[in-house]
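Trainee: Can you build the whole structure from these sequences, using the hints too?
Protein chains in written order, with the UniProt record's numbering: chain Y, 1 to 140; chain C, 1 to 140; chain E, 1 to 140; chain W, 1 to 140.
Be aware that one or more of the hints could be misleading.
Copies of the same chain look alike in the list, so a pair counts if it fits in one copy or across any two.
Straight-line distance between alpha carbons at most 20 Å, and here's what the computed SDA-like set of lysine to any residue pairs gives [as the list claims (entries may be wrong)]:
| id | residue 1 | residue 2 |
| --- | --- | --- |
| 1 | Lys79 | Val55 |
| 2 | Lys79 | Val99 |
| 3 | Lys66 | Asn40 |
| 4 | Lys72 | His12 |
| 5 | Lys72 | Gly107 |
| 6 | Lys41 | Val26 |
| 7 | Lys72 | Thr104 |
| 8 | Lys66 | Phe39 |
| 9 | Lys70 | Val19 |
| 10 | Lys79 | Glu47 |
| 11 | Lys93 | Gly25 |
| 12 | Lys45 | Lys66 |
| 13 | Lys45 | Thr104 |
| 14 | Lys70 | Val55 |
| 15 | Lys45 | Asn102 |
| 16 | Lys79 | Glu97 |
| 17 | Lys79 | Glu101 |
| 18 | Lys72 | Glu23 |
| 19 | Lys92 | Glu47 |
The set of hints was computed from the structure by calculation and includes no laboratory data.
4 protein chains.
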Amino acid sequence: MSGINKVILVGHLGKDPEVRHLEGGVAVASFPLATSETFNKDGRKVEQTEWHNIVMWRGLADVAAKYLQKGKLVYIEGKLRTRSFEDKEGIKKYTTEVVAENFTMLGRKTDFETEAAPRTNGGRTNDTDGYRNDADDLPF
Amino acid sequence: MSGINKVILVGHLGKDPEVRHLEGGVAVASFPLATSETFNKDGRKVEQTEWHNIVMWRGLADVAAKYLQKGKLVYIEGKLRTRSFEDKEGIKKYTTEVVAENFTMLGRKTDFETEAAPRTNGGRTNDTDGYRNDADDLPF
Amino acid sequence: MSGINKVILVGHLGKDPEVRHLEGGVAVASFPLATSETFNKDGRKVEQTEWHNIVMWRGLADVAAKYLQKGKLVYIEGKLRTRSFEDKEGIKKYTTEVVAENFTMLGRKTDFETEAAPRTNGGRTNDTDGYRNDADDLPF
Amino acid sequence: MSGINKVILVGHLGKDPEVRHLEGGVAVASFPLATSETFNKDGRKVEQTEWHNIVMWRGLADVAAKYLQKGKLVYIEGKLRTRSFEDKEGIKKYTTEVVAENFTMLGRKTDFETEAAPRTNGGRTNDTDGYRNDADDLPF
DNA sequence: TTTT
DNA sequence: TTTT
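Mentor: Written as structure tokens, this is what we have:
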């Protein structure tokens, strides 16, 4: 039976997205994202930061490469995926990543501007290689 | 700044919850949860299953121990937490877990009944049991 | 700036989906969905049910019409939309609907079977019309 | 059977929270929240704004009153609730609200500062009145 | 009635 | 490695 595997994050990029192209030209972008939580411990403020490995595919990777940068605040929706790999010593390891399905930039307008291509909005972007533009012919 | 770190899963338990008690008596339950996704690959149906390590604390662990069992369908809300540990060979490894904040049992009513304690509903349970003080006595 | 408007529901259909076709042939399905919450009030169990107006468009409406039925348990993801209309007396009223973006059937396998098309799984279906259209070749 | 009724919003307050106190002293805060979506229609950018009626109870209302203001960007998690009421003409109407369960302030640090009480972080706050009440000793 |  |  089908299930639900959904992750919702709001946090800051720890680095610029790193983009690779697979054989076939498929783009893959990845970057670390920090989500911080502040709580009281014995009357003192303590901040705890969690780091997430974000992965974006195809068109979503292209948009990420264009608009996301280290330090930016972003809303990300995706799913968890754990995969194994061998490190340089040949030891099998596991890593859990958040495969993004869409994202929305948050924060000030200036955060969304790049030298080359100033934008006037933070847009939601989907991993659907097109636009999900339900809106074109709606009657409302 | 605070961020958001939220996971929403609907899946089946791969095993009965395993409950430990830390020094101080704090209960911790853990179990694997499978979320399956079915998609078409070249006209054929392919099922892909993702396994998640679920961790529940305190009162939530107690409820899990009492009512969750291998095979049950459950809705879980929580957050991601990656921690490192050393395996038996002394090699540093990382594991990402979903620390549950609440859960709701789904499925037939009979799925919620245990021999000892028949229940008439699936309830939402929270990790609050007093205080949200997940942090105070954690071993991490 | 862009924002987030997301609704996640797990509940039972109160009626079979009702499908209309707009000029242009666009399909729209709608149905009520009940989400129940049980809590303790003075030591007694009380159930509170909330009803939601679900709306599905295009391909998603077609799949809904084909597979969803009164009583089925379903996971729905969508967004809130409030619109105004005039009732028969000409009084302006407002209604808030959940415009579904995808759904996944939950529950027993037999719940997903129809006379015409027995199915072996519940699939996730998206309102993306052309991309990610799991729906094209269902039974999924 | 229990279900899930969850709403996740990121948007701006349209007005300052309005706080009332019920008999018994229970605080209720309410305010409109705008979530905007930008999409392309015939090559032109179109923005569509959805307005949500947010309601917060008890300790959460107090924190809202203290820190939320018109224009602020906020993440809100809650549930849908539709209730009926009679307008001045005695006509029965329905309204759907988002009953917030917790919120997190987003945006620039300066957005979280008030004249009276400059703050250094945005915190997550919960509607649990006594438990998990981060709110007691704010500024958190 | 917000924001970009 | 982010942000406040």
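Trainee: Confirm or reject each hint.
Mentor: Here is what the structure says about each hint:
1. Lys79 to Val55: Both, since 10 Å and 18 Å are each at most 20 Å.
2. Lys79 to Val99: Both: 5 Å inside a copy, 16 Å across copies.
3. Lys66 to Asn40: between (38 Å within a copy, 18 Å between copies)
4. Lys72 to His12: both (5 Å within a copy, 19 Å between copies)
5. Lys72 to Gly107: both (8 Å within a copy, 11 Å between copies)
6. Lys41 to Val26: Intra 46 Å, inter 17 Å, cutoff 20 Å: inter-copy only.
7. Lys72 to Thr104: both (11 Å within a copy, 17 Å between copies)
8. Lys66 to Phe39: Answer is between; shortest inter-copy Cα gap is 18 Å, intra-copy 35 Å.
9. Lys70 to Val19: Classified as within; 14 Å inside a copy, 39 Å across copies.
10. Lys79 to Glu47: Close across copies (16 Å), not inside one copy (25 Å); limit 20 Å.
11. Lys93 to Gly25: neither (27 Å within a copy, 32 Å between copies)
12. Lys45 to Lys66: For Lys45 and Lys66, the Cα distance is within 20 Å only across copies (19 Å; inside one copy 36 Å).
13. Lys45 to Thr104: between (29 Å within a copy, 16 Å between copies)
14. Lys70 to Val55: Classified as within: same-chain Cα gap 15 Å, cross-chain 31 Å, threshold 20 Å.
15. Lys45 to Asn102: between (33 Å within a copy, 19 Å between copies)
16. Lys79 to Glu97: For Lys79 and Glu97, the Cα distance is within 20 Å both inside one copy (8 Å) and across copies (14 Å).
17. Lys79 to Glu101: both (8 Å within a copy, 16 Å between copies)
18. Lys72 to Glu23: Neither: 30 Å inside a copy, 41 Å across copies.
19. Lys92 to Glu47: So Lys92 and Glu47 fail the 20 Å test inside a copy (32 Å) and across (24 Å) alike.
The structure does not agree with the numbered hints 11, 18, 19 stated previously, though it agrees with the rest.
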